[in-house]
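Assemble the whole structure, with the sequences as input and the hints as a guide.
First to last, the protein sequences are chains R and Y.
Mapping of the first sequence onto the numbering used here: residues 1 to 210, in sequence order.
Mapping of the second sequence onto the numbering used here: residues 1 to 210, in sequence order.
Keep in mind that the hints were calculated from the coordinates and are not lab data.
There may be inaccurate statements among the hints.
Stated by the list, open to error - To list a few chain Y residues with every Cβ distance to chain R over 12 Å, as calculated: (1) T31; (2) G35; (3) A38; (4) F58; (5) G62; (6) L94; (7) I122; (8) D128; (9) E130; (10) M132; (11) P134; (12) I140; (13) I150; (14) S156; (15) T196.
As the list claims (entries may be wrong) - Quick list of the computed label-pair ranges, beta carbon to beta carbon: (16) E110(R) with S44(Y): 35 to 45 Å; (17) I29(R) with A9(Y): 33 to 43 Å; (18) E57(Y) with K26(R): 32 to 42 Å; (19) H144(Y) with D25(R): 35 to 45 Å; (20) S44(R) with S44(Y): 19 to 29 Å; (21) K83(R) with Y54(Y): 16 to 26 Å.
To be verified - Capping the alpha-carbon separation at 27 Å, the derived lysine-lysine pairs in DSSO-like fashion look like this: (22) K121(Y) with K125(R); (23) K136(R) with K121(R); (24) K124(Y) with K125(R); (25) K76(R) with K171(R); (26) K27(R) with K26(Y); (27) K125(Y) with K121(R); (28) K27(Y) with K121(R); (29) K26(Y) with K121(R); (30) K125(Y) with K124(R); (31) K83(R) with K5(R); (32) K167(R) with K136(R); (33) K142(R) with K124(R); (34) K167(R) with K142(R); (35) K125(Y) with K125(R); (36) K121(Y) with K26(R).
Predicted, not measured: the structure shown is a model, and the values here were computed from it.
Glycine included, C-beta positions come from ideal geometry on N, C-alpha and C.
2 protein chains.
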Amino acid sequence: MKALKIPEATIVRMSVYSRFLEQVDKKGIVTISSGEIAEGVGVSPAQVRKDLAYFGEFGTRGVGYNVKDLLKHTLKILGLSGKWTVVVVGVGNLGSALISYRGFRERGFEIVGVFDNDVTKIGKKIMDLEVMGPEKMEEIIKQHNVKIGIITVPASAAQEAANQLIKAGVKAILNFAPKVLSVPDNVQVRDIDLSTRLEILTFHLCMKNA
Amino acid sequence: MKALKIPEATIVRMSVYSRFLEQVDKKGIVTISSGEIAEGVGVSPAQVRKDLAYFGEFGTRGVGYNVKDLLKHTLKILGLSGKWTVVVVGVGNLGSALISYRGFRERGFEIVGVFDNDVTKIGKKIMDLEVMGPEKMEEIIKQHNVKIGIITVPASAAQEAANQLIKAGVKAILNFAPKVLSVPDNVQVRDIDLSTRLEILTFHLCMKNA
Numbered sequence: 001m002k003a004l005k006i007p008e009a010t011i012v013r014m015s016v017y018s019r020f021l022e023q024v025d026k027k028g029i030v031t032i033s034s035g036e037i038a039e040g041v042g043v044s045p046a047q048v049r050k051d052l053a054y055f056g057e058f059g060t061r062g063v064g065y066n067v068k069d070l071l072k073h074t075l076k077i078l079g080l081s082g083k084w085t086v087v088v089v090g091v092g093n094l095g096s097a098l099i100s101y102r103g104f105r106e107r108g109f110e111i112v113g114v115f116d117n118d119v120t121k122i123g124k125k126i127m128d129l130e131v132m133g134p135e136k137m138e139e140i141i142k143q144h145n146v147k148i149g150i151i152t153v154p155a156s157a158a159q160e161a162a163n164q165l166i167k168a169g170v171k172a173i174l175n176f177a178p179k180v181l182s183v184p185d186n187v188q189v190r191d192i193d194l195s196t197r198l199e200i201l202t203f204h205l206c207m208k209n210a
Numbered sequence: 001m002k003a004l005k006i007p008e009a010t011i012v013r014m015s016v017y018s019r020f021l022e023q024v025d026k027k028g029i030v031t032i033s034s035g036e037i038a039e040g041v042g043v044s045p046a047q048v049r050k051d052l053a054y055f056g057e058f059g060t061r062g063v064g065y066n067v068k069d070l071l072k073h074t075l076k077i078l079g080l081s082g083k084w085t086v087v088v089v090g091v092g093n094l095g096s097a098l099i100s101y102r103g104f105r106e107r108g109f110e111i112v113g114v115f116d117n118d119v120t121k122i123g124k125k126i127m128d129l130e131v132m133g134p135e136k137m138e139e140i141i142k143q144h145n146v147k148i149g150i151i152t153v154p155a156s157a158a159q160e161a162a163n164q165l166i167k168a169g170v171k172a173i174l175n176f177a178p179k180v181l182s183v184p185d186n187v188q189v190r191d192i193d194l195s196t197r198l199e200i201l202t203f204h205l206c207m208k209n210a
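Structure below.
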């Protein structure tokens, strides 16, 4: 598999297909067509087939896909065959929400450390996890072989948080801070800025009425 | 202004600049250069100037930008001069977290209604908002002139939630469900799928080690 040739949009849809297949599997359904997957997630059947084709041959013409097999394949493609340990830096409102968000755990992500430099937060517990100061980051990351860090600190503290994570061995960062992080080439970053997503909507709402 | 010619990435950065300028303004700083904005948010000074140029002439050569003026302009461009009322459909783990997320309120978004079809949730209060059944959606949306809906229901219920929102008058949807929504052309949708963002990272982490 050549990662560079696979469009990010395909990876996004693989994740969506994979979660849809989980639901289908839970219902006890054994086989599924690309049309049924397409309808379930809201894309065209041709798109489903094209996306899956990036990763090899699945399914049988006229019969469709075996749900359990395809689910297993999608999980493997996404790197979700095992568990991933994750740390969260920044235990504000959003950080706390994410720590208690079940959606991550359901997909095999286990939060093993939460950090904040606010002394009034250190020592408190969120979902059985004790908030620790940044000086404990390296120890926890090495101990649990953590490769993924989630940053939910304010913009002004985000680069420093990224630097600390990377120094300790993290190779991938999910960044909720409204700041473009500068990281080495061997570190992956994806940004999720909740307010920005809303403001793209208001921008377009205003354009329409202008 | 012609909305169609402005890249989405520019709108995203305008939102980031705008929040950075808010912080700068709070510190009492009066003028700022494109280089300082660039450093604050982590992009190049040329990018800052190019983005701002889409919206007209700001700042004075050699002096920089007046912080309050530029902040006001960015807010106006993003459609954030006034308040926006918002409803949330789906009061699960993520929905509850978003309702209590202060970041939205700070940018002028006021959540005026929260809905769920789970009868065990209806009537409960989250942040002073009573959870209501979907049959109240239209009334609340019309009463508060709501144009923006946030969907945090499971994938299987997302399209129905979108249909209800649109029928009641919502023109823009922020969708957290892993489902591609089908909406009329005059409705804007933006997706945020938290698990997918993490799974793009694990995909790349696995590719590197493959």
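Going through the hints against the structure:
no., hint, verdict
1, T31, "holds, 19 Å"
2, G35, "holds, 15 Å"
3, A38, "violated, 9 Å"
4, F58, "holds, 17 Å"
5, G62, "holds, 26 Å"
6, L94, "violated, 6 Å"
7, I122, "holds, 21 Å"
8, D128, "holds, 16 Å"
9, E130, "holds, 20 Å"
10, M132, "holds, 22 Å"
11, P134, "holds, 20 Å"
12, I140, "holds, 19 Å"
13, I150, "violated, 8 Å"
14, S156, "violated, 7 Å"
15, T196, "violated, 4 Å"
16, E110(R) with S44(Y): 35 to 45 Å, "holds, 37 Å"
17, I29(R) with A9(Y): 33 to 43 Å, "holds, 40 Å"
18, E57(Y) with K26(R): 32 to 42 Å, "violated, 58 Å"
19, H144(Y) with D25(R): 35 to 45 Å, "holds, 41 Å"
20, S44(R) with S44(Y): 19 to 29 Å, "violated, 38 Å"
21, K83(R) with Y54(Y): 16 to 26 Å, "violated, 45 Å"
22, K121(Y) with K125(R), "holds, 26 Å"
23, K136(R) with K121(R), "holds, 14 Å"
24, K124(Y) with K125(R), "holds, 25 Å"
25, K76(R) with K171(R), "holds, 19 Å"
26, K27(R) with K26(Y), "violated, 53 Å"
27, K125(Y) with K121(R), "holds, 26 Å"
28, K27(Y) with K121(R), "holds, 24 Å"
29, K26(Y) with K121(R), "holds, 24 Å"
30, K125(Y) with K124(R), "holds, 25 Å"
31, K83(R) with K5(R), "holds, 26 Å"
32, K167(R) with K136(R), "holds, 13 Å"
33, K142(R) with K124(R), "holds, 22 Å"
34, K167(R) with K142(R), "holds, 11 Å"
35, K125(Y) with K125(R), "holds, 24 Å"
36, K121(Y) with K26(R), "holds, 24 Å"
Figure legend: structure checked against the earlier numbered hints; hints not met, in rising order: 3, 6, 13, 14, 15, 18, 20, 21, 26.
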